[in-house]
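J.: Could you slot chain B onto chain A? The hints should help.
There are 2 protein chains.
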Amino acid sequence: MSQPANPPLFDPCDRGRTASPDGLDAIFRPGSVAVIGASNRPGSVGRSVFKNIIDGDFAGTIYPVNPKVRSVCGVRAYGSIGEIPDPVDMAILIVPAASTPAVAREAAAKGVKGIIVISAGFREVGHDGARIERELIEVCEANNIRLVGPNCLGIINTDPTVRLNASFARRTASPGNIAFVSQSGALCTAVLDFAAKNNMGFSKFISVGNKADIGELALIRYLHADPQTKVIMMYVEELRHGFEFIETVREITGGENPTPILVIKSGQTAEGAQAASSHTGSLAGSEMVYTALFQQAGVFRVQTIEELFDYALAFGNQPLPKGNRMAIITNAGGPGIIATDVTIHSGLSLAKFSDQTTETLRRHLPSAANVHNPVDVIGDARSDRYQAALAAVLNDDNVDGVIFILTPQSMTEIEATAEVIPPLARASGKPVVASFMGLLDVSKGAEILQRNGIPHYHFPETAARAISALYQHSQWIARAHHREFALKVDRDRARQVIEAALAAGKKYLGEVEGNEILAAYGFPVLPGRLVTSPEEAAAAVGAFGPCAFKIVSPQIIHKSDVGGVQVGIKNPEEAAAAYGAMVATVRSHRPEADITGIYAQQMAQPGVEVILGIKRYRLFGPLLMFGLGGIFVEIFKDVSFRLAPIRYNGAQFMVHSIKAFPMLNGARGAKPCDIEELEHCLLRLSALATDNPEIAELDINPLMVHPRGQGCSVADCRILLDPASSCPEKR
Amino acid sequence: MSQPANPPLFDPCDRGRTASPDGLDAIFRPGSVAVIGASNRPGSVGRSVFKNIIDGDFAGTIYPVNPKVRSVCGVRAYGSIGEIPDPVDMAILIVPAASTPAVAREAAAKGVKGIIVISAGFREVGHDGARIERELIEVCEANNIRLVGPNCLGIINTDPTVRLNASFARRTASPGNIAFVSQSGALCTAVLDFAAKNNMGFSKFISVGNKADIGELALIRYLHADPQTKVIMMYVEELRHGFEFIETVREITGGENPTPILVIKSGQTAEGAQAASSHTGSLAGSEMVYTALFQQAGVFRVQTIEELFDYALAFGNQPLPKGNRMAIITNAGGPGIIATDVTIHSGLSLAKFSDQTTETLRRHLPSAANVHNPVDVIGDARSDRYQAALAAVLNDDNVDGVIFILTPQSMTEIEATAEVIPPLARASGKPVVASFMGLLDVSKGAEILQRNGIPHYHFPETAARAISALYQHSQWIARAHHREFALKVDRDRARQVIEAALAAGKKYLGEVEGNEILAAYGFPVLPGRLVTSPEEAAAAVGAFGPCAFKIVSPQIIHKSDVGGVQVGIKNPEEAAAAYGAMVATVRSHRPEADITGIYAQQMAQPGVEVILGIKRYRLFGPLLMFGLGGIFVEIFKDVSFRLAPIRYNGAQFMVHSIKAFPMLNGARGAKPCDIEELEHCLLRLSALATDNPEIAELDINPLMVHPRGQGCSVADCRILLDPASSCPEKR
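Chains A and B are the protein sequences, given in the same order. This note's numbering puts the last residue of the first sequence at 731; the count rises by one with no breaks. This note's numbering puts the last residue of the second sequence at 731; the count rises by one with no breaks.
Please note that a few of the clues may not be correct.
Identical copies carry no separate label here, and so any pair may be met within one copy or between two of them.
To be verified - List time: in silico EDC-like cross-link candidates among lysine to aspartate or glutamate, alpha-carbon distance up to 16 Å:
1. Lys352 / Asp397
2. Lys659 / Glu634
3. Lys659 / Asp638
4. Lys352 / Glu271
5. Lys68 / Asp638
6. Lys488 / Asp57
Honestly, the hints are just simulated from the structure, not real lab data.
Chain A with its partners taken away, still in its complex shape (with noise of 0.2 Å):
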């Protein structure tokens, strides 16, 4: 059921129909469908897609269409959809796969707006069920219909003026606020299976399949408009957007009205990645765009189908906490114990009681219960006393979120106490999550928290996290917006740089051109000039002061292996010689090489080493990279990334959440480096990068930062061209 990636048969950069929400209610609210290929035989899927929308008491009008029988359930059946004698909005085809571009052209003919395509055999198969879906999309295309598939297990609609199951799952879907997205068919139906056993509702239910048509971005559109939908859960093999997928979904995650979006994204690692794409390493090395993705446009993601769970329950039921300061009540020490050190970990903080709420506490606690946090009521604690407590801790001003634990001790009130919960919580507008230890004795409790929407856990571990979750949703939705920087640049002298160095065939550049690019984009480039000979090394340094010496030649592009590197070149006379010795041992080391001549550029005075790189994705554009220079990137790997084009907020985040930051700032005793020039720097990085779609590769190692108000300084740059890397999504 799950899809390999896609073949490049498609242009990945079209997609301005499969991001678009428009045309989407024929799929979810349909007012008459044709199942087409619907079947009386048991377990077929014919069948069971028609008995799920006759059991699911589909709100509409049915047709099932097959020309071998008379009904279908003891429903009348037709030949062939054109047969029908009403008008049909939507179809779903179980068909082979090579008939479905001619059922799609006589379900367009009877004025169908929306297809879903259940069966298998299209690109999943290899090139010739890719021409078929190529067929079946123009199909689409040329008759305005929207199509979910092919390859997909349905979707589902709960809204009560609809409820359609138009899927082949073994399990419907209760109705609830909670949006799935899936990738893969098989996790729908198992999701669906934890679903049912955890009282858990959704609101629709969508098996993506192959995506030709309706992807992630377009149902993330539609969902966020859903009146029904609170929060959306995706499982996600790969994502075909990136700009247009940032720029909307981070106001849809943190804008008005925000509709939080939680990800399990697949194939992170290089064999999940294999294991996802029949296309080796396809996707190698994009983990990190997607975690740049998704930072970037607020989606919460998570690395478990048991976490994306847990969470969306919480997302779901509960508001976001207000801060980070989180009460915790149970009736058992240990338990309590755990939940503290999950809540801290998770970067909570355990609220600090006022007076009053203590002095509550004790009034209404035995003398051996902790009236601190967290707070135990003990292990004989009936409904009453767990009552008075989470009424005394909601009314602190000083909490923003219960976490609340029972153990069932031989005293414990598990169903009352149960019922004490879900009033006080909506009364208080703060999140509560809870933790009924066990799985056979608190069943009933739990129960009666899930069905009044109070988040229920096995474990305190888990409803820590959970609220922890809501807490980074809230400082997402709470960040600060960071004025803009108004960059100069000229952008046209960048061009000329660019178009010269491709029309002479030049792939790589180096810091003549490099430099004068960067300039062109406002970079703090160093004084510098090629020299061609002893002469005119040694007017350089006159000119500039002591310099660093770099051979210039279209063959060499390590030249500190050929000995064409030298620095702190500091008069004339040391210039001239220098020159003739770096040209010397070069010709040496690669006499085939030409030499253009050295490029002669003033020492940078002293700063912390910083690498600010691009690398260009064919599907994402540019990914833009910062670190802290050397072994910081080497061994520690600490580097953050960013997709462009970043705003003041990006190129903050770049900067402040490497784990070296402190090393920028002031640590030990040095001074604070100029981290605003830095940040400015990223920014002119993030509009080299958009403007300039033939650089596939730039790398400014080291780009010295200076202490605070005296800048930075471009050390060494290298440019790699590619014309082809150009993707339009960006222009």
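T.: Then chain B, alone, in the frame of chain A:
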């Protein structure tokens, strides 16, 4: 039910008895049991305990003791234990705390050799309770009686020849091979409930309560010798043994016939530790002690109760893998990809199948299936296809274990597929873990797996993590044991220096005495001497070559803050001038300080700067620390810890386990450092810490590690003495 950390009313170093497994059979295998405080009152603990023993079909004889009734639950009662006409091996006390010493005396007179005190009201309530607890334990010690508790839930022994449920748990344990030891009674209740639902069986179940006598170490020793126990699960809030724990438990977890131990230690964060202890901060900072302790003892530490269960199931039922090469079998792509990601992230690898295996798979699976790893038998697979795939991969020598995934699809034979796994797994001798996804549809299949010893998890991620836990433990058992390095140390010389300093009332030792002590333990100390005039300073530089000067004053600890450090003093002239200048500068900063002179020390050759440290903890002895200097410790917290004494293995672990290790091993074209000599220095540090309990803290910062073959140099050191910091365990 949970116990706060013990107030220091008993000397925590006096622990011979609490660590001994002698006489525990009186608790676990008594022929006759008296329940003192047995009661007919519904809901009372005295009734629960008595009923649990009766209902558990105890193989021995049970005597209720209650002076107020004729019988309890129909069994003839006695007014006191002395009135029982037969011998009694064990007594369970459910009487007010204050009367327990007297009752224990009666029990002793009756010849009882084991006592479980369920009652609370001892050290956990303060000093009065602690006094009673001390009296109680004195009675037990005087009469050679072993004691569980006080303030506990009791114990369960499922051994079919004993069948003793001496607890007031709401549920009992089914027989099995997992032993559970818990410092939280409430957690015991919850664990029994989870286990009941998951077909998880226990050999022994022990709520240790206040651990007045029997603690974790005694139980680990006893359970290791118990033929019913295959794995030990522990919930720990605090341990009271350091060196002895490590030395004993490392043999139990990693020696002959090993017993794996899984532990969750709560109170990791300062807030959690405070929740665990009424004595604010008493445990603060000891998290790294526990980390070292568990690592050194080969105890597998988990972070959540859920992991404790998940991994215990795997350890209890499956063999350890011989390597990390896993095969994944799935009928759905998505879950297979997720499992692949988690497998790789957990330190395992995907097995590369032999050609023969691939061929066999190709023969048995349809063409759309994936015959490479992860094997996808695809959605319509029945049990025969799963069986063929499992047999093929288990038969491949390149496969060390299998993760078996099933999603319930329309053709899936859930139960028949479950039946397939156990015989194949058993015959292979390789570990197999399973995830049948969902909760309802797959429940019968899951039950078949659980009954037949195949660990089953709701999510494939958990299955992958569980088999990774098995692999990690196999790595501990198979770890290399390095030859030991024979240290040559002059203990007497070091003792002389320390004792002289203590006699002089000195607490902080700088380099004068510090280097002498280090030199006595064979540390590579640079030549240096105390100089007290410009002339002596000049002479020292004449003798040693370029020197560093450091002020020597009993009042000055942070020398560089007052201008008391100067490096690179090249010749005698510079030295004479530097002497006067430094003394003047220091005087101006600290006019009140007595200036002894200046320590002139040869400049160290270049090398990588590392830090070696000792910090002594009262209960656990000296903790050794290692890390790279400066930012690596301060910003990246990239340090490793071990409790002393360490062996060569431990020294090697400390050096190799820091993230920055490549910087010592020749990263970025540098020469590899003298790692062997660095490891020797850590062994010297261990010996120094172990031999000299007055050393409370010691820092060598930095130790310069020179290129391989050129050794190390101590460039700076500082020692804090505390005559009271000694702990008898270490002698």
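J.: In ascending order, which of the hints set out earlier in this document are inconsistent with the structure?
T.: Result: hints 5, 6 break, sorted rising.
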